[in-house]
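Undergrad: Respectively, the protein sequence lines represent chains A and B.
Here the working numbering is used: the first residue of the first sequence is 1, the next is one more, and so on.
Here the working numbering is used: the first residue of the second sequence is 1001, the next is one more, and so on.
No lab work stands behind these hints: they were computed from the structure.
All residues carry an ideal CB built from backbone N, CA and C; glycine is no exception.
Warning: the hint list may mix true and false statements.
What the hints assert, rightly or not - Which chain B residues stay away from chain A? Per the calculated CB distances, all over 12 angstroms, these:
#	residue
1	1042
2	1133
3	1134
To be verified - Distance condition first, Cα-Cα at most 30 angstroms in a straight line; then the derived DSSO-like pairs of lysine-lysine:
#	chain 1	residue 1	chain 2	residue 2
4	A	73	B	1265
5	A	104	A	132
6	B	1184	A	104
7	A	111	B	1169
8	A	113	B	1100
9	A	132	B	1265
10	A	132	A	177
11	B	1098	A	116
12	B	1169	A	101
13	A	116	A	101
14	A	167	B	1100
15	B	1169	A	5
16	B	1169	A	113
17	A	111	B	1184
18	A	90	B	1184
19	A	90	B	1265
20	A	132	B	1184
21	A	73	B	1098
22	B	1169	B	1265
23	B	1169	A	104
24	A	5	A	73
25	B	1184	A	73
26	A	132	B	1098
As the list claims (entries may be wrong) - For the chain A half of the interface with chain B, some residues (derived, Cβ under 8 angstroms), not all of them:
#	residue
27	50
28	70
29	77
30	78
31	83
32	85
33	89
34	93
35	98
36	102
37	103
38	106
39	177
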Amino acid sequence: MANVKIENVVKRYSNVQVMHGVDVDIEDGEFVVLVGPSGCGKSTLLRMLAGLEEISDGTISIGGRVVNDVIPKDRDIAMVFQSYALYPHKTVFDNIGFPLKMAKQPDSVIKEKVTKAAEVLDLDHLLDRYPKQLSGGQRQRVAMGRAIVRDPQVFLFDEPLSNLDAKLRVTMRVEIKELHQRLGTTIVYVTHDQIEAMTMADKIVVMRDGRVEQIGSPLDLYDHPKNVFVAGFIGSPSMNFVHGTIAVKDGKKVFLSDHGLELPVPENNARTNQAVTYGIRPEHIQVGDQGVPMKVVVVEPTGSETQVFAKSGPELIDALVKDRISAKPGSELCYMIDPANVHLFDRETEQRI
Amino acid sequence: MKKRNPILTTLFWILISLLTLFPIYWLFVISVKPAVQLFSTPDLILNNPYWGNYTEVLGNRLVRSYMINSLIISSGNALLCTVLGFFTCYALSRFDFKGKESIFFWTITNRMAPPAVFLLPLFLLMTQVYRIGEFTLLDTRIGMILVYCTFNLPFAIWTLRPTIDGIPKELDEAAYVDGASPWKVISEIVFPLCRPGLAVTLILTWVFAWNEYLLAATLTNFDARTLTTGLSEYVTTTGTEWGIMATISVFTLIPALIVFGLVQKHIVAGLTFGAVKG
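Excised from the complex, chain A in its bound form:
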C-alpha cells in the first residue's frame, strides 16, 4: 500500500498540451475515481501513473518515491485494462501467473498464489481455459486476478466495466468494491460513468479538458458542486439549468429566468440583478398542486420512480419523483422547489455563488 502524489503534471504531444498542471493527492488505501467525459485526460493521467506515457512536466510519486523516469515494471503497480488485455494464447492459470513468472518466482509459489487469487475471484474451476472460452465477467475477473496476484502498492483500473452489460456491471462494481475493502490497497479507477464514480469512490476527481474541475467525496460533489460542469456531470438524471437573473420581489430575492419563469432561491451571496445559472436536481423537485405551474411534455415511469419532463414557456425542467403520476402530456401540474436544494452559479464564470 502507498500514497500517490500527482503534482503539477503536464502532458504535451508535440505542440498540443493536453494536460494542464494536474494536482491530485491520494491517501494510502484510498479508492480514488477519475471521472470525466471522453477526452478529458483521465486515461492519459492513469497511463502516466502506470508509466505507459511520459510526463512532460511535473512529478508523480508513489509511496514517497518520484517515479517520473521509472519503467512500469519497477513502479510496483498493477493495471486492469478496459479490454482486459488478457493474453489469448495463455490459459487462465498462465494469465494470472504471468506477473509472477516475470518476477522469476518458483513454480510452487506461482501455483500457490494463482490458486489463492483464483479462489478469491471464484475462478478456480476455470484455470485451464483460454480467455476466448470465458464470458465477459469471467475475463474481467481474470484481469483482476492478474493484478492482485502481484500484491502491488497501487491498483490502476482503466474503465474496466465499460465492456460489460448493465447487470454484470453492477455485480462487478460490488466485487471490486469488496476486493478493495478486503485488500485495502490504494486504487485509482478511471471511468466516464458517474454512477460508478459515486458508488465506488472514497474520493472523486472530476476532470475536463486536461484540468481538474473538483476533488471531493461523492456526496460533497453532489451537494456542493464547484461549477456548472461538475453540477451537470455528477448526479443522474442531470441537474436542470435555467439561465436568468436575481431579482427582488416583495422584498425577497427570487430568480427570474430569461423567459420570465420565477423560481425560489436560497439566501446566499447572489447579488440583485446578477446574471446567474439556476441549478436544481430533478430529485429535489416535488410535484403537486402548489408551486411553479408547468405543462407536462413527457412522463417516463420506471416502476420505482417517475421522471416528468415539463415546460414553462420554453424552459424544460425535469423532475424525478417516487410517486406514480397519472399526468398526461399536455396536462398541468406544479413544481415545488425547496430553496435549500437550489444551486446558483455565476453565469459568466460558471462558478458556484
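Given the coordinates of chain A, work out where chain B should sit on it, guided by the hints.
TA: Structure of chain B alone, referenced to chain A:
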C-alpha cells in the same frame, strides 16, 4: 437466396481441381516413361511405369548437390527474411519515429520492380563491391541467400505488418506493467501470437526462393547452383532430356508440397489474421 445444387457444386470443383492437377499428373507421367515412349500416342492411364529416370537422377551427384543448395538457400533465406521482417514490423508497428510510413512504402516498392531490373547491379555488387581479396559473393550460397532478401524481405515486411498491427498494443502494455522486459514482451506475447503470420511468411518466402530461376541462373555457376537452374542443363545441343527434366521437376515439387501441407492450417489462419479484431 436461391439454394445451390450441392451435386453440381461438387462436380464443378472436382472439374476445376482436375484441370489444376492435370499438368502435375502429366509431369509425373512423363517422368516415368522412357524417352522412346514420350512421343508416341499419349496414354492417359499409367501402364508399367519406368523408374529409370528416378534412379538416374538420384544417382547423379550434381543433381543431389543442386538439391542441397536449393534447400539451404531457400531455407536460409526464408528464415532470415522472416526473422528480420518480424523485428522490422515490430518496430514499425510499436514505435513512433520520423518517416516510419515512408520507410515501409519505400521497402515494399523493391518488391514491385521486375527482378531482371536488379540483375546487373546485383552482379556488380556481388563481384566488385562486396569482395574481400579473392572472395566474392558470386556463386556462393550465402550470396544467393542475401540476393533473395532483396525481394523476400519486402514481402515478409508486407505480410507481417498487418499481423503485428492486429495484436492489440494493450497486450504489450499489460505485459510491461506485469513486469516483462521488452525482450520478454516479444518472446512471450508478440511472437506466439504472430505464429500464423510467421508460418505464412516462412512458406511463401521459401517457395519464392525455391522456385526462383533468373537470378540463380545468372549469379551462380557451379558451387551454389540450384535445382531450377540444374533443369536447364538437360536442354543440350543434342536434344532435350524430357524424362530427366520431368523427374527433377517432380523432385522440385515434392518439398514445396510437403512444407505447404504442414503449414496449410496456419496459412488459412494467417490469411485471415488481423482482418477482424477478436
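Undergrad: Determine for every hint whether it applies to the structure shown.
TA: We went through each hint and held it up to the structure:
1. Residue placement check: residue 1042 of chain B keeps its beta carbon more than 12 angstroms from all beta carbons of chain A (closest about 52 angstroms).
2. No beta-carbon of chain A is positioned within 12 angstroms of the beta-carbon of residue 1133 of chain B; the least distance is around 47 angstroms.
3. Listed as outside the interface, residue 1134 of chain B is consistent with that label: its C-beta sits roughly 50 angstroms from the nearest C-beta of chain A, beyond the 12 angstroms cut-off.
4. About 37 angstroms separates the Cα atoms of residue 73 of chain A and residue 1265 of chain B, which puts this hinted pair outside 30 angstroms; it is violated.
5. For the suggested pair residue 104 of chain A and residue 132 of chain A, the alpha carbons sit about 27 angstroms apart, so the restraint of at most 30 angstroms is met.
6. At most 30 angstroms may separate the alpha-carbon atoms for a hinted pair to count; residue 1184 of chain B and residue 104 of chain A meet this at roughly 12 angstroms.
7. For the hint linking residue 111 of chain A to residue 1169 of chain B, the alpha-carbon distance of about 28 angstroms falls within 30 angstroms, and the restraint holds.
8. Taken as a hint, the residue 113 of chain A and residue 1100 of chain B pair is broken in the structure, with Cα atoms around 43 angstroms apart against an allowance of 30 angstroms.
9. Proximity of residue 132 of chain A to residue 1265 of chain B is assessed by CA-CA distance (about 19 angstroms); at most 30 angstroms being required, the pair is judged to hold.
10. Between residue 132 of chain A and residue 177 of chain A, the direct Cα distance comes to roughly 26 angstroms. Compliance with the 30 angstroms bound is thereby established for this hinted pair.
11. For the hint linking residue 1098 of chain B to residue 116 of chain A, the alpha-carbon distance of about 47 angstroms lies beyond 30 angstroms, and the restraint is violated.
12. Proximity of residue 1169 of chain B to residue 101 of chain A is assessed by CA-CA distance (about 21 angstroms); at most 30 angstroms being required, the pair is judged to hold.
13. Taking the CA atoms of residue 116 of chain A and residue 101 of chain A, the gap is about 16 angstroms. The hint holds against a cut of 30 angstroms.
14. A threshold of 30 angstroms between alpha carbons decides the hint, and for residue 167 of chain A with residue 1100 of chain B the separation of about 44 angstroms lies outside it, so the pair is violated.
15. Straight-line distance between C-alpha atoms of residue 1169 of chain B and residue 5 of chain A comes to about 27 angstroms, which keeps the hinted pair within the 30 angstroms bound.
16. With a C-alpha separation of about 27 angstroms, the suggested pair residue 1169 of chain B and residue 113 of chain A falls inside the 30 angstroms cut-off, and the hint holds.
17. With a C-alpha separation of about 21 angstroms, the suggested pair residue 111 of chain A and residue 1184 of chain B falls inside the 30 angstroms cut-off, and the hint holds.
18. As the CA atoms of residue 90 of chain A and residue 1184 of chain B are separated by approximately 15 angstroms, the hinted pair is consistent with the 30 angstroms bound.
19. As the CA atoms of residue 90 of chain A and residue 1265 of chain B are separated by approximately 20 angstroms, the hinted pair is consistent with the 30 angstroms bound.
20. Between residue 132 of chain A and residue 1184 of chain B, the direct Cα distance comes to roughly 23 angstroms. Compliance with the 30 angstroms bound is thereby established for this hinted pair.
21. Taking the CA atoms of residue 73 of chain A and residue 1098 of chain B, the gap is about 28 angstroms. The hint holds against a cut of 30 angstroms.
22. Between the alpha carbons of residue 1169 of chain B and residue 1265 of chain B the distance comes to roughly 26 angstroms, so the proposed pair stays at or under 30 angstroms and holds.
23. For the given pair, residue 1169 of chain B sits about 24 angstroms from residue 104 of chain A by alpha-carbon distance, which is consistent with the 30 angstroms threshold.
24. For the suggested pair residue 5 of chain A and residue 73 of chain A, the alpha carbons sit about 19 angstroms apart, so the restraint of at most 30 angstroms is met.
25. For the proposed pair residue 1184 of chain B and residue 73 of chain A, the alpha carbon gap of about 12 angstroms is at most 30 angstroms, so the pair holds.
26. For the hint linking residue 132 of chain A to residue 1098 of chain B, the alpha-carbon distance of about 37 angstroms lies beyond 30 angstroms, and the restraint is violated.
27. Given hint, residue 50 of chain A at the interface with chain B, holds; its Cβ is 6 angstroms from that chain's nearest Cβ, closer than 8 angstroms.
28. Here the hint on residue 70 of chain A is broken, as its CB sits about 12 angstroms from the closest CB of chain B, past 8 angstroms.
29. Taking 8 angstroms as the C-beta contact cut-off toward chain B, the hint placing residue 77 of chain A at the interface holds, the least distance being around 7 angstroms.
30. Given hint, residue 78 of chain A at the interface with chain B, holds; its Cβ is 7 angstroms from that chain's nearest Cβ, closer than 8 angstroms.
31. At a threshold of 8 angstroms, the smallest CB-CB gap from residue 83 of chain A to chain B is about 6 angstroms, leaving the interface hint in force.
32. At a threshold of 8 angstroms, the smallest CB-CB gap from residue 85 of chain A to chain B is about 4 angstroms, leaving the interface hint in force.
33. With a cut of 8 angstroms, the hint placing residue 89 of chain A at the interface with chain B holds, because the nearest CB-to-CB distance is about 5 angstroms.
34. This hint is violated: residue 93 of chain A has a C-beta 15 angstroms from the nearest C-beta of chain B, more than the 8 angstroms allowed.
35. Proximity of residue 98 of chain A to chain B holds as hinted, the smallest CB-CB distance being about 5 angstroms (cut-off 8 angstroms).
36. A cut of 8 angstroms between beta carbons decides the hint on residue 102 of chain A: the least distance to chain B is about 4 angstroms, and the hint holds.
37. For residue 103 of chain A, the interface hint holds, since its Cβ comes within 8 angstroms of a Cβ in chain B; the closest pair sits about 6 angstroms apart.
38. Interface hint status for residue 106 of chain A: violated, as the beta-carbon distance to the closest one in chain B is roughly 16 angstroms, over 8 angstroms.
39. A distance limit of 8 angstroms between C-beta atoms decides the matter here; for residue 177 of chain A the minimum to chain B is near 22 angstroms, and the interface restraint is violated.
In the structure shown, a violation is registered for the earlier hints numbered 4, 8, 11, 14, 26, 28, 34, 38 and 39, in ascending order.
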